[in-house]
Each structure stands twice: as C-alpha cells, then as structure tokens.
Amino acid sequence: MKIAGAPISWGVCEVPNWGYQMEPKRVLGEMKELGLTATEFGPQGWLPVDPEGRAAAVKDFALKPVGSFFLAVMHDPDVDPLPAVEKELEAFKVAGGEYLILAADSGREGYDDRPVLDEKGWETLFTNLDRIVARAAEDGVTACIHPHWGTMVMLDEEIRRVLDNSHVGLCLDTGHMFAGGSDPVKIAQEYADRVKIVHAKDVHADLVSKLLPGEITWSEGIKANMFAPIGEGDIDFAAIVAELNKVNFDGYYVLEQDIMIDEEPPAGAGPKLNAQKSFEALKALA
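Position 22 (the sequence shown) corresponds to 23 in the working numbering; numbering is contiguous.
No lab work stands behind these hints, which were simulated from the structure alone. Here the structure is a predicted model, which means the values were calculated and not measured. For glycine and all other residues, C-beta sits at the position ideal for the given N, C-alpha and C. There may be inaccurate statements among the hints.
[As the list claims (entries may be wrong)] Here are the simulated distance ranges between beta carbons:
1. E124 / G269: 45 to 55 Å
2. Y21 / D131: 31 to 41 Å
3. K26 / A240: 13 to 23 Å
4. K94 / E281: 31 to 41 Å
5. E87 / G122: 21 to 31 Å
6. G36 / E233: 30 to 40 Å
7. N226 / A287: 48 to 58 Å
8. G269 / D79: 46 to 56 Å
[Stated by the list, open to error] Simulated pairs of lysine to aspartate or glutamate, DMTMM-like, Cα-Cα distance not exceeding 20 Å:
9. K121 / D79
10. K121 / D131
11. K65 / E34
12. K26 / E265
13. K60 / E89
14. K65 / D140
15. K88 / D140
16. K224 / D235
17. K224 / D113
18. K3 / D106
19. K60 / E91
20. K211 / D184
21. K26 / E53
22. K273 / D263
23. K284 / E216
24. K187 / E158
25. K247 / D263
26. K33 / E281
All chains, please: the whole structure from these sequences, using the hints.
In structure tokens form, the structure reads like this:
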C-alpha cells in the first residue's frame, strides 16, 4: 500500500482565512518524522510557485511528490482552464508529480455556496475534463476528478454523471463523497477501474448529516471537528481497501483530515498526532 501525506491534515488550505497556516518546513518535516515517503504539494502558493523552488522544498525532506490538488473553473463556456493546467504541468516536469487532482471550481470564494449548472454548463464541464485528461496524458500525468463539497461535482448523482459522460479518472475522496450523499464503498465497487488515487478521510456521520439539509455550513463542520483520524469515524476503510484490492489498485492512499488550527502548535503536539493515528490505522489494512 502506497501512503502519502497531505498538508490539509496540518490545517493548510487554499480557502482565504482558513485558520493558521503552518510553514512547509515544519509540515514536511513532521511527515518525514512519521515515516511518510510521499506528499501532495498542498494549495497553490504554499510551496514556492516556481517549479525549481517547489522541487527543492520537497526534495529536502526526501518526500516523493504525488501531485497537486488543482481548482479549475471547467463549467463556464467563457473560461478556458487549459492555460492554467498547462502551467501546472510545466511545474510537474521539474518538481515531479503523477496526479493532477481536479476540483470543479464554482468560481465563488470558499465552499459554502455554489451555482446550479444548466445543460450547457454540464456539457462544457465534460468537454473540458476530457481536454485536460488528454493534455495531462501527453506529459504522463493522470488527471482525476475530485468530488468536493461546494464545487460543481459534489453530490452522488453529479459524481456518477461525470464518470458516465467523460474519461476522467476518479480521486476517491471518502469524506467529501460521504458529505455529498455518496457511499464511498459503493462507488469503489461500481467504479473501481476509474479510481486512480484515494483521499483517505474519516468523518463523524452525525455532523456530516447536517450539511445537505443546511443545518451547518462546511466551515462550521470543520470547526466542530467533523473530520476524524482514520478509524475513529464512520467510513468503512476496510471495505474500500478490499474493493480496490480486487482490481489490483496501485495508486496512493493520501492521508487527509480537514482541520483548522488557531496557532502554531507546540513541538511534538498538534496535527502530527492525529496524522500518526491515521497512518497507523491505514497501514494496518495493508
């Protein structure tokens, strides 16, 4: 089992005003201390923007770059996502990375609101996804759709619609899919051959169940500790691993626990402790 880290488990996020943002040296250093050997790059701009600087930042900690979470507006006929995608792919050539993990950006700030797509919007999304898949493949990079709360691909029916109408791979993000009303085990069963990478998130179902009815917002759920270390929430990871093993899945399981923190944690404390719990729980399923 290939396991990677993700900066979001340390509270590092692309959303403006998302709590205190820890510096790369500490986050990547703690990943290495835990025994992780790979990482995603984190939000755009957290590591150096220039490819050489990004490569050096990760290399210093002997962490293999997995790829990046990449927000792109893909549903708007007046917006071409390819130029930004190509710029990121250029960084991959220098800094490394196998997976371009696409979230269908709503075009709005944060994840608490999104527009509703019409048929033209859906067709534009499908077309752009296939364009990006083909362009990424030219550089040996696998493009995947990341179902994500507050984006244009969030609900169970939206995930299925995208997979049934495009050639994009799937980032099986267990927490975001659960939040949007999907059963990640069932999706793993039905679309196992489309799963290219897993974002392994555990959640507390009692809090997640308040999202779709609008009882809480995404950010309120995060602040209420909606996400848990793997094994302490309600996601059946043993079943997911078993389903993916059936198709000889060889992608990464990326440890993710979406959190916000208020300040720099003391040495030896903070998010690292929960990341270690998740790492140990996932290794036990290997």
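**Message:** Run through the hints listed earlier and report the numbers of any the structure violates, in increasing order.
**Reply:** Result: hints 3, 6, 7, 18, 23, 25 break, sorted rising.
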